[in-house]
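2 protein chains.
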Amino acid sequence: MPTYERLKGFRDLYAPEMAVRREVTDTVESVARRYGFREIDTPRLEPAAMWTDKSGDDIVDELYAFEDHGGRHVTLAPELTPTVARMYAAKAQELSKPVKWFSTRPFWRYEAVQQGRFREFHQTNIDVFGSAEPEADAEVLATAADALTELGLAADDFEFRVSHRDILGALLRSFEGTVDATAAIRAVDKSEKVDENEYLDLLHDAGLDYDRAREFDDLLAVDDPADLDELADFAPDSEDLAAAVDNLRSVLRAADDLGVGDHCDLSLRTARGLDYYTGAVFECFDATGEVGRSVFGGGRYDDLIEAFGGRPTPAVGVAPGHAPLGLLLERAGVAPEATVETDYYVLQVGDTRPTAARIARDLRSRGHVVESDVSGRSFGAQLEYADSIDADTVVVVGERDLEDGEVTVKEMASGDQTTAPVEAFPGDHDRPTYDDFA
Amino acid sequence: MPTYERLKGFRDLYAPEMAVRREVTDTVESVARRYGFREIDTPRLEPAAMWTDKSGDDIVDELYAFEDHGGRHVTLAPELTPTVARMYAAKAQELSKPVKWFSTRPFWRYEAVQQGRFREFHQTNIDVFGSAEPEADAEVLATAADALTELGLAADDFEFRVSHRDILGALLRSFEGTVDATAAIRAVDKSEKVDENEYLDLLHDAGLDYDRAREFDDLLAVDDPADLDELADFAPDSEDLAAAVDNLRSVLRAADDLGVGDHCDLSLRTARGLDYYTGAVFECFDATGEVGRSVFGGGRYDDLIEAFGGRPTPAVGVAPGHAPLGLLLERAGVAPEATVETDYYVLQVGDTRPTAARIARDLRSRGHVVESDVSGRSFGAQLEYADSIDADTVVVVGERDLEDGEVTVKEMASGDQTTAPVEAFPGDHDRPTYDDFA
Numbered sequence: 000m001p002t003y004e005r006l007k008g009f010r011d012l013y014a015p016e017m018a019v020r021r022e023v024t025d026t027v028e029s030v031a032r033r034y035g036f037r038e039i040d041t042p043r044l045e046p047a048a049m050w051t052d053k054s055g056d057d058i059v060d061e062l063y064a065f066e067d068h069g070g071r072h073v074t075l076a077p078e079l080t081p082t083v084a085r086m087y088a089a090k091a092q093e094l095s096k097p098v099k100w101f102s103t104r105p106f107w108r109y110e111a112v113q114q115g116r117f118r119e120f121h122q123t124n125i126d127v128f129g130s131a132e133p134e135a136d137a138e139v140l141a142t143a144a145d146a147l148t149e150l151g152l153a154a155d156d157f158e159f160r161v162s163h164r165d166i167l168g169a170l171l172r173s174f175e176g177t178v179d180a181t182a183a184i185r186a187v188d189k190s191e192k193v194d195e196n197e198y199l200d201l202l203h204d205a206g207l208d209y210d211r212a213r214e215f216d217d218l219l220a221v222d223d224p225a226d227l228d229e230l231a232d233f234a235p236d237s238e239d240l241a242a243a244v245d246n247l248r249s250v251l252r253a254a255d256d257l258g259v260g261d262h263c264d265l266s267l268r269t270a271r272g273l274d275y276y277t278g279a280v281f282e283c284f285d286a287t288g289e290v291g292r293s294v295f296g297g298g299r300y301d302d303l304i305e306a307f308g309g310r311p312t313p314a315v316g317v318a319p320g321h322a323p324l325g326l327l328l329e330r331a332g333v334a335p336e337a338t339v340e341t342d343y344y345v346l347q348v349g350d351t352r353p354t355a356a357r358i359a360r361d362l363r364s365r366g367h368v369v370e371s372d373v374s375g376r377s378f379g380a381q382l383e384y385a386d387s388i389d390a391d392t393v394v395v396v397g398e399r400d401l402e403d404g405e406v407t408v409k410e411m412a413s414g415d416q417t418t419a420p421v422e423a424f425p426g427d428h429d430r431p432t433y434d435d436f437a
Numbered sequence: 000m001p002t003y004e005r006l007k008g009f010r011d012l013y014a015p016e017m018a019v020r021r022e023v024t025d026t027v028e029s030v031a032r033r034y035g036f037r038e039i040d041t042p043r044l045e046p047a048a049m050w051t052d053k054s055g056d057d058i059v060d061e062l063y064a065f066e067d068h069g070g071r072h073v074t075l076a077p078e079l080t081p082t083v084a085r086m087y088a089a090k091a092q093e094l095s096k097p098v099k100w101f102s103t104r105p106f107w108r109y110e111a112v113q114q115g116r117f118r119e120f121h122q123t124n125i126d127v128f129g130s131a132e133p134e135a136d137a138e139v140l141a142t143a144a145d146a147l148t149e150l151g152l153a154a155d156d157f158e159f160r161v162s163h164r165d166i167l168g169a170l171l172r173s174f175e176g177t178v179d180a181t182a183a184i185r186a187v188d189k190s191e192k193v194d195e196n197e198y199l200d201l202l203h204d205a206g207l208d209y210d211r212a213r214e215f216d217d218l219l220a221v222d223d224p225a226d227l228d229e230l231a232d233f234a235p236d237s238e239d240l241a242a243a244v245d246n247l248r249s250v251l252r253a254a255d256d257l258g259v260g261d262h263c264d265l266s267l268r269t270a271r272g273l274d275y276y277t278g279a280v281f282e283c284f285d286a287t288g289e290v291g292r293s294v295f296g297g298g299r300y301d302d303l304i305e306a307f308g309g310r311p312t313p314a315v316g317v318a319p320g321h322a323p324l325g326l327l328l329e330r331a332g333v334a335p336e337a338t339v340e341t342d343y344y345v346l347q348v349g350d351t352r353p354t355a356a357r358i359a360r361d362l363r364s365r366g367h368v369v370e371s372d373v374s375g376r377s378f379g380a381q382l383e384y385a386d387s388i389d390a391d392t393v394v395v396v397g398e399r400d401l402e403d404g405e406v407t408v409k410e411m412a413s414g415d416q417t418t419a420p421v422e423a424f425p426g427d428h429d430r431p432t433y434d435d436f437a
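Chains as they are written, first to last, in numbering that gives the first Met the number 0: chain A, 0 to 437; chain B, 0 to 437.
Quick caveat, the hints were computed from the structure, so don't treat them as lab data.
Ideal Cβ positions, reconstructed from N, Cα and C, are used throughout, including at glycine.
Do not take every clue at face value.
Reference listing, derived: stretches of chain B covered by chain A, where coverage requires no fewer than 3 residues with Cβ under 8 Å from a Cβ of chain A [stated by the list, open to error]:
1. 2 to 16
2. 176 to 189
3. 359 to 367
4. 426 to 435
Chain A with its partners taken away, still in its complex shape:
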């Protein structure tokens, strides 16, 4: 019979690895819930036109797209935003604003597989729809920062590099001649990944001569919010620039008030690769630089709901990817342990199944993880299995013990064991252990 191999860029998560992802996901989601983000669920498959209609999008070449049995052109979703935009547009009238949604699910892109990057990858998307105010941007930053802190990262483990698309756009428009702002912003996004000449060539291709390209790049060097005024002075006639600078300053101030200002660094050269961002954008980086690339990013995308058929609706969000997040947690030494844990193993010796089952059931009703024999195994084989699943306590239910009305309680870490009256196990003990009966 043939053996099958899983597809390249896809992952089988066995129990220990899944325990890690579960803990990370639960932590991120729990922080999002506390900020009042509400969980939604979305189709994994969508009309391909949601991506192919927008020409010039790099994503299209990476789609897992195909025709279904009904002749529909469909694609596995490579990102959530168009889907939530579609959902928001479909119920915009009846939804109470702001709408705050989160969801954790996989996405798919056919691209080169590398460390921390897979063709099937899991993200928790966290978005606010219906507020253009800087508080919404700041709340998204605060949710992300709190999630990282809750995961065990220290303040000096990570940094949010905050930029603003409208500042970049207004600066570019202030230069003479025709500049392709989208191409120039993509060049900025690539600036850290290519050498300087290539970066300047890209800006040149976007319509800036080399002197202007250097001047533009110099302007982006500002890293102190206090110096943003000087930046605004570069094009004093640009109301757009003044408004964008003011907005970025307001976002940073709101982040301060929300208690996460220290995590935010002004970094205009952080541009975010995707075209649809409109206002403040940010990327999370490993502060040590050991994880070389952006861990995740987010930002404002005020035009997208309208592009998907809705009324103009401001929106801002962030989407931590679980694989790169895992790299950061590992670098910082705070990744959850890849193990399975068991509270009790109820060991059966002889024909004691009804009593063993009753004990297991009582322990489970108290919320504990309890296994018992389902393989007709010997005492020794059961004990070995209990060890392999890291059971804290083994309860031995033996025929002879039962004749005396007793079970044996064994603490696996120490090997200590004692007997307990079978009627008192678990009795009124919430989590009976060796110590309760020794």
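Use these hints to put chain B onto chain A, whose structure you have.
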């Protein structure tokens, strides 16, 4: 700009509906965890050959299959079993047996959309690998029954109809002539959905003449485990039949010992549609019959791991689907409510953002769901929003109140409100309410 519609048979779950699925999923998973099933995660996309190599499988026509950019024939997985079989086979040596896995995820089949049946559907798969003992079958039954009970269903809300593939197979082989057992078992699976003549025609097509077909069907009428002996007497020379009858009786006895025997009804006409089942099989039905079809099913599939390239490995599992499960919960009046809930709304009046943010942060650190203004809204608009998200308590942080060192605490249900010292909010209160300060 174009508007997009989601694909037929796919669902957008907004927050209230997702809250229902979340609660159901969490409950089912929590029961599985307590039985020692460990969560895994699996690729949504697999090599199509995992399904197409097995000819004659109805599933193939329903696949969302396509060729990826690398020329691979791939498919969205229509079920979990081949994937976990592949994963088990890949690590069979190092896995501690029995292997007990669960996972909740979507699957896809291109088929007719009807009530409670979608093209993208979510299931929690719960499986034991590596034990051929009846205790493993019983543990799967017990896990499923406990999950339904924990969801709020009463004992008389549901029933597990338990059958045995090897009994059906051995009976069929005991007839003279060549009988296509697979076809005959599929006929049994359809017996409740088609009229009697059609059913008998199907059995006839499988190689039983009409007299034998009636005789076979009569044999399946046994519904008391005590009468299984008579069934075994039908073909006294068949060791297979005797062994299968014995196995089914052992499974039912083990289910009794595990405390779920009352949920199990002997029902040999329950055959399960899928070809790969080998031993005990069961389907969960709405006891009132209002939900007409099987809610979910499970059973033993001892040959499948080997079919996927592993060593022969016994396996048994169950896979509750969340949409049909929802129908049963609704019929019984125990479906979770489709709502969103909020513990606190922190209302800002004037320039009080830092204090409001501090209070919101303190409340969140105690685990509460807390929202505050991110839209620059008026008092009235904020109160209206707090009402729309069903906030229990509104904390009004106003400029004038703050001058007196106070905030206002408003209980939304009664409308009662009082003031509290800002420093004492939340102070050492774990969940401060109106009552704490009135």
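Okay, the hints, checked on the actual structure:
no.: 1; hint: 2 to 16; result: holds (count 12)
no.: 2; hint: 176 to 189; result: violated (count 0)
no.: 3; hint: 359 to 367; result: holds (count 4)
no.: 4; hint: 426 to 435; result: violated (count 0)
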